[in-house]
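*Asks:* Here are the chains, one letter per residue:
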Amino acid sequence: MRIGLFATCLGDTLFPEAVKSTAVLLARLGHEVVFPPDQTCCGQMHVNTGYQREPVPLVRNFAEQFGDASIDAVVMPSGSCAGSVRHQHEIVAQRYGDAALRAGVATVKAKTYELSELLVDVLGVTEVGAYFPHRVTYHPTCHSLRMLRVGDKPLKLLRAVEGIDLVELPEADSCCGFGGTFAVKNAETSTAMLQDKMRNIADTKADVCSAGDSSCLMHIGGGLSRIKSGTRTLHLAQILGSTRTAPYAPMEAAR
Amino acid sequence: MSTFLGMPAAPPRSPYGTGNLRGDRKFPEAAHDELRNEQLRRNLSRATRTIRTKRLGVTGELPDWERLRDAGSAIKTDTMNRLPELLEQLERKVTERGGTVHWARDGVEANEIVTRLIRATGSRDVIKVKSMATQEIGLNEHLEAAGITPYETDLAELIVQLADDKPSHILVPAIHRNRDEIRQIFLDEIPGVDPDLDNVPAHLAAAARAYLREKFMTTKVAVSGANFGIAETGTLTVVESEGNGRMCLTLPDTLITVMGIEKVLPRFQDLEVFLQLLPRSSTGERMNPYTSMWTGVTPGDGPQDFHLVLLDNGRTAALADTIGREALNCIRCSACLNVCPVYERAGGHAYGSTYPGPIGAVLTPQLAGMHAAKDDPNSSLPYASSLCGACFDACPVKIDIPSMLVELRHQHTEQSGTTAEKLAMKAAAGVMSRPKLFAAAQKAASLGRAAGGRDGTISRLPASLSGWSDSRDTAAPPKQSFRSWLASAEGAATMRAAAGEGAGRTAEEPEEEQ
Amino acid sequence: MTTNPTARDTVLGRIRAALALAPTPDSEVPRVYRTGRTLPDDERLALLTDRLADYKAQVHPCTGDRTAEVIAGILHERGARRIGVPDGLDEQWLAAYDGEVQLDSADIPAPSLDALDGVVTASAVSCAETGTIFLDGSPGQGRRALSLVPDLHVCVVDLSSVVAGVPEAVARLVPERPTTLISGPSATSDIELERVEGVHGPRTLAVVIRTDA
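Chains as they are written, first to last, in our numbering: chain A, 1 to 255; chain B, 1001 to 1514; chain C, 2001 to 2213.
Just so you know, not all the hints are guaranteed correct.
As the list claims (entries may be wrong) - With a straight-line Cα cutoff of 30 Å, these simulated DSSO-like cross-link-like pairs (lysine-lysine) come out:
1) B:1398 x A:109
2) B:1426 x B:1436
3) A:228 x B:1398
It should be emphasised that the hints constitute simulated quantities derived from the structure, not laboratory data.
This is chain A alone, in the form it adopts within the complex (with noise of 0.2 Å):
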């Protein structure tokens, strides 16, 4: 399958491992990654934040660098951007774009994908040959929960995973407060949020907290930071492309 990869402006800019691990995960499965150059960001934190003239440039580029009928389908490690491409584009094509915009828009939301959806549904696999010996637990995200419905295909693929000890999260289906600019405007209540869902990671005495989405795991991983906690953050696909031969090493900074 040829697939285009979507880095997303986050992922590509302040998490590329957890991009690169991607790459390199579905390469390893066999299939073909290409990721169109001028791709840059979703235009997801413009809508979310009340702007939905101002991404329409965003969002005419998107459909651009991903409508090519060559590329089967599209994933991003990120739930919140699929979520985002699957239905708010259409929102802003609809009342700010063009006919043309809103035909490009439906063209490649009917092949956007979150990873493990990807993974699970698309390619059909649960075990991709990854090895990671560690305890890990996971946050399901509110996006990929609730917008995207991926249900328990994140923890199938973890379940999958050879070495892993993976402990469930209490309360997991609570959100950690990011919410993009909300962790700003509402910050007091951001970190409340926050506050309680490191309560919960921290009795699961996992190494590693991981997420299908940087931004998450951003905000997450930065409150764990700043409070010392032992364990640190880690998207799914760099689990995912863990392997015997390559295994998993800190790159980036603890967060």
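Fit chains B and C to the given chain A structure using the hints.
*Replies:* The following block gives chains B and C in isolation, referenced to the frame of chain A:
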């Protein structure tokens, strides 16, 4: 096509400065104080957890729960589409059965109607069934100013009234109080209460029973809200638990019911859906202890003088918005409050409105507006959410609250003219819609690594982001973006090696389709 | 009758304007939830009994010929010396009761019902799945105040009037009758969301289920 002389005028919001649909400060400032109240945090956490568990239990046991939600949602949409004819039908049926129907354009008019009706009875006292509509329009305050004493008879409303407090939850207005606080309020405020009253909930409830018994037996007028009004038959319904509703709806000579125009339902049969959706979503019970249904006046049974006040107060303004209209489908179960992580931490008072929580954050700005004054506190409500979506899943009539929040945020930015945030958003979009500029910005960001300490984290961000950095470290940007890595020799080699491994894997596993 | 025609016309005009500004397609209501369910007698009895017990109501299943004996037993046990009954209640049901019986009528002021120790009524229909008893003011059920003010309510339910679910129960109602749905004794969850039985309505609900009636 005939010449169309412009679109009709948009209906007005609830008049500014009336009722209880606007706080005196924005959500973050109000939440700042509430979050520091440890007692409140504990009370809310405990209570919302209890109710969440109960709700999941009783909704999970119905195999057709999702089908009931679909039906409930569709009935409400159908209702809004046919609202004029349904209200006219309801009016006709209630009138035929001996009731009197009044129309109120806003809360001020409704308050005046109710006051006039109570005065006409000669009573100086009125007993009240818990009602969101009368809370919204500030009826109690209006009655007191007119020399009429309203007695709230719902236990939680009584607690709130005795403590001169404000409700903080749709279903359980005193959810922010625990049993010790309630005991103290009763000791301080109920005349003749047993000084040895302890904090056992059953004993507290018994104290309320004794206090209110005399009011029920002697007061000649009652005011209620309504959960549903059936257009087909003129039947009104109040769903409750304690029996205070039955007392108010049955014993007085005069009953005045204030009902929002959106509470009408087309058919009597529709109750078969809502009597399943509401109790299970609300108190997490299979059925609430008591539900009363009455149609106009019944000779020899209950109040012989019945008045129905149909209230607009901004509802038609909400109805004029294709997306926002859905908020009118709300049946006030409060399930969205109980699952909301923001509500659970900040509490109901932070919303400043009769309607708190996720539904309040979308309903309040639509009823009362969010640009009625400079820095209108209501403009902060659509942002009081992390958009986690738990409310949408819990809603028995499937109101897509997260999408509505995003829509209201958009309406807010459209109304706000040029702001620093809008310029920043424009600039960000400008950079990100030009790939070369974006790549250059990434390089600049990676230079920002210098801001990181020795461990590669930034612990202090500029003032505009200090709320974030007060409790979170920020990782310094990595030395190389993904796209630079992919374009590098190392990236190319890594991808080549992985592809080689992949080619081996696909050769081993012939495609199943064949 | 409408008291303020200007407000009425204004509100209806606003609604029509709103619907013109934001039109939506007509909505078809999908009624594919469970309706018209039937359950055998023993299952309806078991379900109703379980639900009522869950609400802390007292449940007394018996055959019809034991009705008077069971009712007398409940009243005696609760020390109810003076009870109210609605017009139209089967006189035989009180044949074994030796206390004072006040036949209710519309002339009796409702507050005076507070002096009664209890009330005995029949019922119109019951819903097994939710443990809900419907009273609709028909003969034997009385005006609403009668089953509300006294602290003990003994309610007789014939098993033949018990239906499976809410839709089946709603279908049997006569909308114009003043109807009260009772699911256990009065209760509140207003203090820390913990359910407490017994606030303003009867604090004791005793249900006599006649299994052959």
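*Asks:* Could you tell me which of the hints above the structure violates, numbers in ascending order?
*Replies:* 3
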